[in-house]
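**Q** Given chain A's structure and the hints, the job is docking chain B onto it.
Each chain, letter by letter, is given below.
2 protein chains.
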Amino acid sequence: MLYDLTVVQFSKMLGNLSAILTRGEAFAQAKKIDVGVLLNSRLAADQFGLIRQVQIATDTAKLGVARLTGKVAEAPKHEDNETTLPQLLARIASVLEYLSGFTPEEFAQAETQKVSQPRWEGKYLTGREFAIEHAIPNFYFHVTTAYAILRHNGVELGKKDYLGTLPFKS
Amino acid sequence: MLYDLTVVQFSKMLGNLSAILTRGEAFAQAKKIDVGVLLNSRLAADQFGLIRQVQIATDTAKLGVARLTGKVAEAPKHEDNETTLPQLLARIASVLEYLSGFTPEEFAQAETQKVSQPRWEGKYLTGREFAIEHAIPNFYFHVTTAYAILRHNGVELGKKDYLGTLPFKS
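In order, the protein sequences belong to chains A and B.
For the working numbering, add 34 to where a residue sits in the first sequence, where the first one is 1.
For the working numbering, add 34 to where a residue sits in the second sequence, where the first one is 1.
I should point out that these hints are in silico values taken from the structure, not numbers from a laboratory.
One or more hints might be untrue.
One copy or two, either will do: identical chains are not told apart, so a pair holds if it fits within one copy or between any two.
What the hints assert, rightly or not - Below are the EDC-like pairs computed for lysine to aspartate or glutamate, each with C-alpha atoms no more than 20 Å apart in a straight line: (1) K194 / D80; (2) K46 / E163; (3) K105 / E145; (4) K203 / E59.
Pulled out of the complex, with its shape left as it was, chain A reads as follows (with noise of 0.2 Å):
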C-alpha cells in the first residue's frame, strides 16, 4: 500500500504538474508574457514562489520514498538552481526515472522503518507515521500550491489537470 501512495500515485501527480506547468509555459505564450513571470509568481510575500514550490514537491516525493525505504544516501541529488520552466520540467523527469527505479518488495520494511530528518533532532516517526502524517499531506500541499499560483495568475485549469486519469471500469 505504501508504494502505491507514494512511488505509483507520486508519479501520477508529478506527471500532472509536469502538464499543468507546461498548461502555464502556453498561457504565457499567448499572453507575450515572460513564463518567468508565473515561475517566480507566489500567493504571498512570505510564501515561497512557484519555482520552490515544485522544488518541494519533488524533494517531498524523491526524499519521502527514500526515507521509506531507508535509502536516503542513494538518493539523487538537486541544487535547487532552477531558474527556467525546462530546467523544472528536467527536475520532475530526473525524480520521476528515480522513482520508477523502485519495486514494492523495497517496500517491505516501510511501516516500520524509523524515518528522521536532520530538522528533527534525533527524534523519529514510524515509517506509516510519516506517510500519513508528513510525506502526503506535504506532497499535496505543494502540488496544490503551484496549481494555485497559476490558477491565480490566469492559467485556465481544472480538477482534471490536477487528479489526472482515473482508472475507470464499467
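**A** Positioned in the frame of chain A, the structure of chain B alone reads:
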C-alpha cells in the same frame, strides 16, 4: 491502512482546518475587518471561495469514508448554506463526530468496494483506487486551497498549522 489514511488522518486535518479558520477570525478582528471578507475570498474569479472550499473538504472526508464503507445512505446531509464562521466550524465538527463513529473493522472490504458517484455515469473505481487517486488528493487539495486563501489575505500561517502535531519518538 485505509482507515488510518481517511478516518484518522482526515479527522486530524479537519481539526487543523478548524484552527486555521479560527486564526483567520483572529486576524480579521485584529485588522478590524469583517471575517466574511475572508470567507468570501478566492484565489481566482472562477475558483471557489473559502466557504465552498471548506464545504468540499468536509464532503470529501464524509463521503469518502461513507463510500469506502458502503454507507453513503447513512451519511449526514449538509445543505451547503453556511455563511458564517461558526456555521463552518459546526459543519466541520459534525463531520468529525460522524467520522468518530467508524471502526477499522468497517473497512474490511474497503479496498475492493466498488465506488461510484452520480457524475461518473455508472462507472466505478475500486475502493483502493478511489482512496489513493481521488479522495485523498482531493481532500488535501481543498484543505490546502482554504489555507492558501487565508495566507494570500495576510493571515500568518505556517506549515505546522497545516500538518498539525506529529507523533515524534526519541
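**Q** Checking an output row: K105 and E145, CA cutoff 20 Å. Within, between, both or neither?
**A** Within one copy, since 14 Å is at most 20 Å while 29 Å is not.
**Q** Within a copy, between copies, both or neither: which one fits K46 and E163 at a CA-CA cutoff of 20 Å?
**A** between (22 Å within a copy, 13 Å between copies)
**Q** Cα distance capped at 20 Å. Does K194 pair with D80 within a copy, between copies, both, or neither?
**A** between (29 Å within a copy, 15 Å between copies)
**Q** 20 Å Cα cut-off: does K203 pair with E59 within a copy, between copies, both or neither?
**A** neither (34 Å within a copy, 44 Å between copies)
Of the numbered hints given earlier, the model fails hint 4 alone.
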